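Engineer: Sequences are here, hints too, so could you generate the full structure?
Here the sequence shown is numbered in our numbering, starting from 1 and rising by one per residue.
The hints are simulated quantities; they were obtained by calculation from the structure and are not laboratory data.
Only a predicted model underlies this, so the values are computations on that prediction, with no experimental measurement involved.
Note that beta-carbon positions come from the ideal geometry of N, C-alpha and C, so glycine has one too.
It cannot be assumed that every hint is accurate.
Cut-off 20 Å, straight-line C-alpha distance, at most; resulting in silico cross-link-like pairs (SDA-like, lysine to any residue) [said to hold, decoys possible]: (1) K12 x C24; (2) K6 x L29; (3) K12 x T23; (4) K12 x H25; (5) K6 x T23; (6) K6 x G17; (7) K6 x C24; (8) K6 x Q28; (9) K6 x Y18; (10) K6 x F30; (11) K6 x A61; (12) K6 x G60; (13) K6 x T26; (14) K6 x E19; (15) K12 x T26; (16) K6 x H22; (17) K6 x G20; (18) K6 x H25.
Now the in silico label distances, taken between C-beta atoms and shown as ranges [to be verified]: (19) P59 x A5: 14 to 22 Å; (20) A43 x G20: 37 to 45 Å; (21) H4 x E51: 16 to 24 Å; (22) E57 x G20: 37 to 45 Å; (23) N46 x H22: 33 to 41 Å; (24) S39 x G60: 17 to 25 Å; (25) D15 x D56: 37 to 45 Å; (26) H22 x A61: 24 to 32 Å.
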Amino acid sequence: MHIHAKVHIGGKMTDAGYEGGHTCHTGQLFFAEEAVLASAEVAPYNTSTTERTTLDEDPGAVEP
1 MHIHAKVHIG GKMTDAGYEG GHTCHTGQLF FAEEAVLASA EVAPYNTSTT
51 ERTTLDEDPG AVEP
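Structural biologist: Next comes the structure, spelled out in structure tokens:
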């Protein structure tokens, strides 16, 4: 499993949300399959009916 992340700096929170600043990093966080399987055994993840896509099956995962 992986999560996409984007880090923004130099902006501020307003009533409309985060405004201004710039993106200083865009990347992905990767999790070992063993950790993903362990978390799938506890709530709330153990009630998910979503079919998982492993890193090997995910064309969008660009692992370093």
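Engineer: Compare the structure with the hints numbered earlier in the document and write down the numbers of the violated ones, lowest to highest.
Structural biologist: Every hint satisfied by this model.
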